[in-house]
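With chain E's structure known, arrange chain W on it following the hints.
Residue numbers (this note's numbering), protein chains in the order written: chain E, 415 to 655; chain W, 12 to 216.
Hint data in this document are derived by calculation from the structure and do not stem from the laboratory.
Among these hints, one or two may not hold up.
Said to hold, decoys possible - Now the stretches of chain E that chain W is said to cover, found in silico as 3 or more residues with beta-carbon under 8 Å: (1) 465 to 474; (2) 487 to 494; (3) 597 to 610.
We treat Cβ as the ideally placed atom computed from N, Cα and C, and that holds for glycine.
This is what each chain is made of:
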Amino acid sequence: MAQQAATKDATHLNRRQLLGLGLSGGSSLLLGGCALNGLSETVGNATQPLNERIEALMQGKGPVPLFRRDQVDPKDLLVNSFNGVPQLDPARYRLRVDGLVSRPLSLDLAALAALPQQELVMRHVCVEGWAAIVAWSGVRLADVLALAGISNLGGYLAIDSADQYFETWDIASALHPQTLLATAMNGAPLPAANGAPVRLATPIKLGYKLSKWVTGLKVMASLEERRGTWEDQGYEWFAGL
Amino acid sequence: MDEAMAHHPAPIRHSPLWTRAFHSLNLLVLLVMAASGLQIYNANPVFGGRGGATVPELLTLGGWLAGGRDWHFGFMGLYALNLGVWIALLIGQRRRKLADTGDLGTLKASQNKAKRRLSAHRLVYTLMLILLAFGLITGMAMYKPAQFWWLSGLFSFGEAFGSTSWQTLRISHLATIPAIALLMLAHVTLSWRIGGLRLLRSMFA
Numbered sequence: 415m416a417q418q419a420a421t422k423d424a425t426h427l428n429r430r431q432l433l434g435l436g437l438s439g440g441s442s443l444l445l446g447g448c449a450l451n452g453l454s455e456t457v458g459n460a461t462q463p464l465n466e467r468i469e470a471l472m473q474g475k476g477p478v479p480l481f482r483r484d485q486v487d488p489k490d491l492l493v494n495s496f497n498g499v500p501q502l503d504p505a506r507y508r509l510r511v512d513g514l515v516s517r518p519l520s521l522d523l524a525a526l527a528a529l530p531q532q533e534l535v536m537r538h539v540c541v542e543g544w545a546a547i548v549a550w551s552g553v554r555l556a557d558v559l560a561l562a563g564i565s566n567l568g569g570y571l572a573i574d575s576a577d578q579y580f581e582t583w584d585i586a587s588a589l590h591p592q593t594l595l596a597t598a599m600n601g602a603p604l605p606a607a608n609g610a611p612v613r614l615a616t617p618i619k620l621g622y623k624l625s626k627w628v629t630g631l632k633v634m635a636s637l638e639e640r641r642g643t644w645e646d647q648g649y650e651w652f653a654g655l
Numbered sequence: 012m013d014e015a016m017a018h019h020p021a022p023i024r025h026s027p028l029w030t031r032a033f034h035s036l037n038l039l040v041l042l043v044m045a046a047s048g049l050q051i052y053n054a055n056p057v058f059g060g061r062g063g064a065t066v067p068e069l070l071t072l073g074g075w076l077a078g079g080r081d082w083h084f085g086f087m088g089l090y091a092l093n094l095g096v097w098i099a100l101l102i103g104q105r106r107r108k109l110a111d112t113g114d115l116g117t118l119k120a121s122q123n124k125a126k127r128r129l130s131a132h133r134l135v136y137t138l139m140l141i142l143l144a145f146g147l148i149t150g151m152a153m154y155k156p157a158q159f160w161w162l163s164g165l166f167s168f169g170e171a172f173g174s175t176s177w178q179t180l181r182i183s184h185l186a187t188i189p190a191i192a193l194l195m196l197a198h199v200t201l202s203w204r205i206g207g208l209r210l211l212r213s214m215f216a
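Excised from the complex, chain E in its bound form (with noise of 0.2 Å):
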């Protein structure tokens, strides 16, 4: 009979212990969260693969719904860069294609401009939360890809830039019909600050994966330790919309 009523004080006891522990558990995620922030990586390596497996189920195959040309606001366009604005010459400018490919291209701004120009109306997601309507214009990476010639071994594109900035994609989403190497936006040359004259943009990605002042493409058969100047800090890779 004791040996019960001890058992009840303890279950007692250990209930209000555990009342106790849940209301300082959640206000210490409330007020001590800067313990978890260091766990934010490991959530998202725990979380990411499956997030992106459903991300690649449930993609369209075919081209994304584009905007109206007076849906366009250039005010909502922000600049961002890392690392200043390069002042390029287009006189000197040459755009290098090479990696894995039959005919590496060293291509000056006339002969990107040889090439079929489109002009796309979509939407520019940063990944700060932001958005903007912007018509890029240009030509299709995959054109210039098809005329470098992609071995079949070929699966990722790293992609240079005169500021230092460093990305790469996966081919698929390089070769996407409304993936650009735009020249200009909103129906003016591309400003220096957008980058100025060749800059990657697609609707299908977040902003960070658009390279501006491009000077360089490489087709590799795998990723290499750089996955991107952001991305090797903790944004995803993939990243895309």
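Quick look at chain W alone, frame taken from chain E:
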């Protein structure tokens, strides 16, 4: 009756373990989603953009934008799963838990306090489910706006008031935090009036 209970408290009837676990998990998931969401908010405040006021660091989770995204997208699956389980449980239950127009009548006309509280609580639960679903829909529309272009496109109604569909989406998604906080406050207040500390302990301890 209250006095008698104070002198001879009946043993607390604890809710089934899985109910308590599910309830606590829901609370945890909501806290993580709100705190990591506010971390993402701070990268570019919905109101005011780069010049806008940020949320105190105390209320955020993740440390920086990428960390906030890790938590937010790491827990969104649990959030969606919980919502689905909750809706399935409510549909499967024999006793009525969701509000209908009768509850509005009760709140307007009835003098029976217990009946009024039950109606109010049903209303809170129902609104909560609708809001949680709204949070999920607006979140998906912003997380994958190209994949779910038809979902993001629904928010172009704001263009009539001079707000881009994206800004309308951002405001809608953010608004779920204060709305759910208010409903939680109503839920806690109603529960406290019904069962006080004993009910709280039957759910958490």
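Open item on the list: So, against the hints stated earlier in the document, which numbers end up violated here?
Closed with: 3
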